[in-house]
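Protein chains in written order, with the numbering used here: chain A, 1 to 114; chain B, 1001 to 1112.
Heads up, a few of these hints could be off.
Between beta-carbon pairs, the in silico distance windows are [said to hold, decoys possible]:
id: 1; chain 1: A; residue 1: Leu11; chain 2: B; residue 2: Ser1040; range: 15 to 23 Å
id: 2; chain 1: A; residue 1: Gln18; chain 2: B; residue 2: Lys1071; range: 38 to 46 Å
id: 3; chain 1: B; residue 1: Gly1016; chain 2: A; residue 2: Ser27; range: 34 to 42 Å
id: 4; chain 1: A; residue 1: Asn79; chain 2: B; residue 2: Pro1082; range: 41 to 49 Å
id: 5; chain 1: A; residue 1: Pro8; chain 2: B; residue 2: Ser1040; range: 17 to 25 Å
id: 6; chain 1: B; residue 1: Thr1010; chain 2: A; residue 2: Asp84; range: 33 to 41 Å
id: 7; chain 1: B; residue 1: Val1070; chain 2: A; residue 2: Arg63; range: 34 to 42 Å
id: 8; chain 1: A; residue 1: Ser65; chain 2: B; residue 2: Asn1018; range: 44 to 52 Å
These are calculated hints, taken from the structure and not from any lab test. The structure presented is a predicted model; accordingly, all values stated were derived computationally and were not measured. Note that CB positions come from ideal geometry on N, CA and C, so glycine has one too.
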Amino acid sequence: ETGVTQSPTHLIKTRGQQVTLRCSSQSGHNTVSWYQQALGQGPQFIFQYYREEENGRGNFPPRFSGLQFPNYSSELNVNALELDDSALYLCASSDSRGVEETQYFGPGTRLLVL
Amino acid sequence: GESVGLHLPTLSVQEGDNSIINCAYSNSASDYFIWYKQESGKGPQFIIDIRSNMDKRQGQRVTVLLNKTVKHLSLQIAATQPGDSAVYFCAENILGFQKLVFGTGTRLLVSP
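So here's chain B without its partners, still in its complex pose (with noise of 0.2 Å):
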């Protein structure tokens, strides 16, 4: 069945750090991975997504990696930031289908 799921669900770091957050997959006919950023009181907001003819993608400060022989995504956060405080989700779809299907998500606490 389709499921996303995640290794941490808490992930605590110093400002400056670098953080990776990590998120298995067991659906191998997703095509369409999409990370998101929730902060307390708000929706979800997009960060960064990669398709699976792609194995890397680059954002500002942020680097999506996916490992599909062993499905498999991470997302790297450089030099991490107080503001980047919050619960992060993958999420995987089939393109062209309807849903998204999100796991229950990692919470990235940035100590000062």
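The shape of chain A in the complex, shown without the other chains (with noise of 0.2 Å):
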């Protein structure tokens, strides 16, 4: 186990919500990155946060955002739902201060768009 946690485990919603995800990084973890894992596919980077500001972004719309808390937590949050939403949203952790930068990820969060 890697000590990142993600909540909700498993989401249902129907198309134009909104959704929020949530992850808690490992101890001693700084930087918190997000990434969509469509079925059959690798994860694709959507954004990353480092002190509390995103720290990148991958090819994603805007009404895909992301927030960091002081305790280096992250929310992802989604609106305007669309069917091709539906995947596994990953979050890694890792620790930007030092040479290592290996991404540790948590056990994701099953988002199902009807």
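Got two chains here, each in a separate frame; can you build the complex from them with the hints?
Set out below in structure tokens:
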């Protein structure tokens, strides 16, 4: 186990709704990255948060947004849900202060949009 | 552009065999590579990593080889066990940049 936790584990929403996913980073880690993993695919980078600010973004529209809190935990918010947003959402924590930048993943939140 | 691809979508081996999972990458600027194992219903689990200033790194039962000339890396698993059955992803990164770029994965099936 990595010590990265995510909630909820599963979620069902309807098209047009909004969703908030949560992530607690591993102890000692100050950076959280979010990924979307469609069925049968590798994870796709959404964005990363460091020092409570967005620190890089992948090819995702602005309706994907996030937050990082002083305790380094993070939220991913998705507005105006679309059917294609159905996926496993993964967060990964890392420590940007040292040489080691390995990202350790949580178990994910599986989102189904109907 | 950046991409990470895998040669074989599925690899079937017998318990006790050695397994080799291959991966090609296209970004010559990538300098950090990681192998992850993902079991059904779980997040990716870190296995081993390698930086571009190395061509080989060994862990417990696993070895990663990096060939920068042909932009190829491989994961070797010695004495494969049924518990090794999972999807394996290689991922590439440029140190100091934020994102990991993953391939689509190789499914390893280990028969007893």
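For the range 34 to 42 Å, tell me whether the beta carbons of Gly1016/B and Ser27/A fit it or not. For Ser27/A against Gly1016/B, whose Cβ atoms are near 38 Å apart, the range 34 to 42 Å holds.
Pairwise beta carbon distance, Pro8/A to Ser1040/B, judged against the given window 17 to 25 Å: This hint holds: roughly 19 Å between Cβ atoms.
Verdict for Val1070/B, Arg63/A (Cβ pair) under range 34 to 42 Å: holds, 40 Å
May I ask you to test the hint 15 to 23 Å on the CB atoms belonging to Leu11/A and Ser1040/B? holds, 19 Å
Holds or violated: 44 to 52 Å for the Cβ distance of Ser65/A and Asn1018/B? holds, 46 Å
Satisfaction of the hinted span 33 to 41 Å by the C-beta atoms belonging to Thr1010/B and Asp84/A: violated, 26 Å
Is the distance from the Cβ of Asn79/A to the Cβ of Pro1082/B consistent with 41 to 49 Å? holds, 43 Å
Kindly confirm whether 38 to 46 Å is satisfied by the beta carbon distance between Gln18/A and Lys1071/B. holds, 41 Å
When held up to the earlier numbered hints, the structure conflicts with hint 6 and nothing else.
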